[in-house]
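Sequence order for the protein chains is W and C.
FYI, this note's numbering numbers position 5 of the first sequence as 5, with every residue one higher than the one before it.
FYI, this note's numbering numbers position 642 of the second sequence as 642, with every residue one higher than the one before it.
Since the hints were made in silico from the structure, they are not lab data.
Positions of the beta carbon are idealized from the N, C-alpha and C atoms, including for glycine.
Don't take every hint at face value.
[Claimed, not checked] Keeping only pairs whose Cα atoms sit at most 25 angstroms apart, straight-line, the calculated PhoX-like set for lysine-lysine is:
hint, chain 1, residue 1, chain 2, residue 2
1, W, 37, C, 345
2, W, 37, C, 420
3, C, 323, C, 796
4, W, 37, C, 378
[As the list claims (entries may be wrong)] Ranges between beta-carbon positions, derived for each pair:
hint, chain 1, residue 1, chain 2, residue 2, range
5, W, 62, C, 440, 50 to 60 angstroms
6, W, 62, C, 490, 27 to 37 angstroms
7, C, 797, W, 52, 20 to 30 angstroms
8, C, 282, W, 140, 49 to 59 angstroms
9, W, 39, C, 797, 37 to 47 angstroms
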Amino acid sequence: MMHYLLISKDGNVQFSHYFTHSSPSSHSTTEARVIAKCMSADRDACHFLEDGPHTLVFRWFGPCMFVVAADQSENELMIYEFLSLYVNALHKYFGKFSEKHILLNIERLHMVLEEMVVAGELLEPSIRNALSPIQMLDTISSR
Amino acid sequence: MSSIKQVINDAVEKGKEVYEKVRQPNPIRLRDLIRQIRSAKTAAEERAVVNRECAYIRLTFREEDSVWRCRNVAKLLYIHMLGYPAHFGQMECLKLIASPRFTDKRIGYLGAMLLLDERQDVHLLITNSLKNDLNSSTQFVQGLALCTLGAIASPEMSRDLAGEVERLLKSSNAYIRKKAAVCALRIILKVPELMEMFLPATRSLLSEKNHGVLITGVTLITEMCLQSPDMLAHFKKIVPNLVRILKNLIMAGYSPEHDVQGVSDPFLQVKILKLLRILGCGDSDASETMNDILAQVATNTESSKNVGNAILYETVLSIMDIKSESGLRVLAINILGRFLLNADKNIRYVALNTLLRVVHADNSAVQRHRSTILECLKDADISIRKRAMELCFALINGNNIRTMMKELLTFLENAEPEFKATCSSKCVLAAEKYSPNVRWHIDTLLKVVEAAGNHVPDDVVSSTIQLISETRAEQAYAVGELWRHLSVAQLEFQPMIQVSTWCIGEFGDLLLNGQADVTVEETQIIEIYQKILWSSQCSITTKEYALTSLMKLSARLNQEVGSIQQVVSAFGSHLNIELQQRGIEYSQLFTRHNHMRGPLLERMPPFEGVRGSGTEGEKGGVAITNGLDNSPDNQSLLNDLSSPNNNNNINSTHENNESNALLLLLGGIEPGEGDTVQASTSPATSTTNTTPAPRSTVNADILDLLGLEPGPTAPSSTTTTSTSPAQLSHTNNSSSPALLLDGLLNNTPSTTTTTTTGIAPLSTPTANSTTLPTNNFIIPQSLSQPSVPGIVAYDKNGMKLDMTFEVHDSVTTINMLATNTSLAQVTDFLFQAAVPKSLQLQMMTPSSTSMAPSATLTQVIKVNNPSKVPLRMRMRLSWQANGSVVQDQGEISHFPPALWQ
């Protein structure tokens, strides 16, 4: 089970989504710790780190770092692959996804993620299926 | 003047601007807010922007403005993400959810997901909204509600909405079904009793074609199987279905929708492999069914890409966990061998991780990769090094200990501080288990202490001391080695100095009479000790070691006793209260009580059978009686336990005020307390204890000194001085008075816990390690155990429960010691028990609910058995390890009959 997903750029948290509940007051300390931990790893180092009961899986996409904290029983390589699935979905949704989308369309990032992961479990491995309800809702809303 | 005017004008302008902004009809857009916040140069500026916006948002919320509510909530979500409080938007989210517009609903649900937490009262309100939307006729509304429910469901909400979810799980719409499946998963995680309800609908999920439904269905079944053994048995029959789905996936040609780097839906494949592993574990029929498909996946999967390796990784885990054919296991281990040589560090990490998980199933297969694993110890990557270290310890055996230990010591020397503590502890354990001879063992421990510097945990220090103490033949060698270390020591590494000073204090005579293979002058020793005692680099604990050690040396050295006295008395005015007390007490031994200094500073009896207690729970801990304790709790506890002959003891000491005066001098205790201290054995032992054990004359002399008259009080005084007769016969007779007085002398403030552990035969190992060396007073646990033998109540699934007993009239106190023998961290440990109706059961709170690998916890259970019927107990155990729940139950019927006879 995944617990949260963070996107960070230059050491700042740009986006965070929690799949399971943790007290909001602890979020900022957790995020700071996790980001610092992942930033300190070399670029070619192993992308899995231990963090208490969780395994951190992080992956760089351009200037942005995506981090997922998952249970230790999860398949790390699969989580690693999921991050690229998510980024591909964002690419497809935004046309060309870049860090300015994270800044300006933060609620869309949440929505895409929600179609792919609920309660920390992968919901939809197909990008097309994940995006179609969002695009449908977008058309309805814009009317 | 003009500048002041300008400033005022500016301020007025600014004020107007702000006012207009607050009053402006249209609130700024989210992206404008983001720009403003991003352009803030300082944290204070950012805070100002956020506070202004929050104030404005609150204002519009109060005005019940529904046109801009959506935009405002969206801004609030952004502010929330930045870490500012945004809980005041919760109600607005609920209003948005209730709105008929899709745009509002989307933001409302998103807000609910992000802003609400499980403990909010607003949950009741949102439950109603969710119920409405789950019954909506539009699939998107249902979908939104399901997503939110999956994210925030609390136990109450789960109970209220389980019916709706179950209905949607049977929907014909795949979009709804997959979301309902994840909601069901969340619900059974919160309320496991609701599992039954979802069972029929869950089974039909597997016949679906849609991958989203399949993957969530498999996830849901996996969770059910993990949660309940009944479900596990029930789902055994779906193994052929899963095999078929997996086969179709591999055989299917290219499908653009689910293709990831040339592999067809790796996510689903991995989920199915995981479920197969759970279903096939320990079941040869199910394993038989899977063998073929696992072999197929293992051979057909492309291993050049990350996805392929992810699948292979999961396959290997499944092959090793189920009862697979031996050929398949070889294949799996070979895949891991390939992984280990992979250039990608992620793959190497995963390989080590997997080897660690399978090493218990197939040690010899993993041994083949030993040299590669040792190579990984030198890897630059910290995650890889950590896994490699853990794996190395799992691979150590009697044949390879020498080479492995050599590598591990090199690793330990260069390791990061965070590794040093665990690594050194594990080195000690491994050396203890497999060391070829004692000399090698001592050498290894000394190297460990040296290599780990200041990161040596206390239990390593005490293990080393115990080892040297109990091996008489090697003491001279050890003390020589330690002297060599100490004479060139950098004073910054405390543990090495602690071990050295302790041993030199005890065995200093061996050092001087040439047995130790070094030539040492007494003046040299004093010089080093002075350096340690007055160094600012040494910790107080180290100085305590050194001071006591120096005192002991005063009975071993011949010429330098005078300078020792000088050093010791100088500590009478030390700033640290502990050292000061020692200084004063010890200088008294040079002056008023000089005649008893010799016997008092006798060598300690060897600490037999207690080594390793700090880490190996099943060996049982050591019981430490720490001498005297002023805490009233402890006092009453001791009195309780020793009630059968306690009065007698009190009489004997009250007759002898002189002795109390001496005790007062030595330990600073109140009269009347000294008597109960040694009665820490259980009553059962104390009563059998009244026959006087043979005592040497020295012992009698000491008693004489204390003012205890031999004669009528002799039997009870024996119980006072010796914990059990066994102890006297075990240890050197002449040393027991020293033992006693050592106990009396050591009156450290932190003794409450240790003394209580002395009472219960089960002592907490951590307490030992901290107090052990300074207190110098140890009673092996086996000696203070009551007469009823203990039992092993449970030893399965990486969990061991030992029980020891104390009988008091009709009440049996069961001390349970749980040991985590697995490699995983155990959390949420729960032990439940039931006894026949004629008995009464009382469970005390356990010492902890979580255990690190090979750590222990204790729990006390009291059983009242007035009618003396044979004791039986049904127990249920559950704990979490590796993220999954382990449950087991059973009956304990092999309690020793002595408990009720």
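Review point. Hey, residue 37(W) versus residue 345(C), does the alpha-carbon distance stay inside 25 angstroms?
Key: holds (17 angstroms)
Check your understanding: Is the distance from the Cβ of residue 62(W) to the Cβ of residue 490(C) consistent with 27 to 37 angstroms?
Key -> violated (48 angstroms)
Check your understanding: Given a hinted range of 37 to 47 angstroms, is it respected by the beta-carbon distance of residue 39(W) and residue 797(C)?
Key -> holds (39 angstroms)
Check your understanding: Is it true that the CA of residue 37(W) sits at most 25 angstroms from the CA of residue 420(C)?
Key -> Measuring from Cα to Cα gives roughly 19 angstroms; hence the hint holds.
Check your understanding: Do the beta carbons of residue 282(C) and residue 140(W) sit within 49 to 59 angstroms of each other?
Key -> holds (52 angstroms)
Check your understanding: Is 50 to 60 angstroms right for how far apart the beta carbons of residue 62(W) and residue 440(C) are?
Key -> Check passed, 55 angstroms falls within 50 to 60 angstroms.
Review point. Between residue 37(W) and residue 378(C), does the CA-CA distance stay at or below 25 angstroms?
Key: holds (21 angstroms)
Practice item. For the range 20 to 30 angstroms, tell me whether the beta carbons of residue 797(C) and residue 52(W) fit it or not. Key: holds (23 angstroms)
Practice item. Assess, step by step, whether the Cα of residue 323(C) is no farther than 25 angstroms from the Cα of residue 796(C), and give holds or violated. Key: holds (18 angstroms)
Hint compliance for this structure: hint 6 alone is broken.
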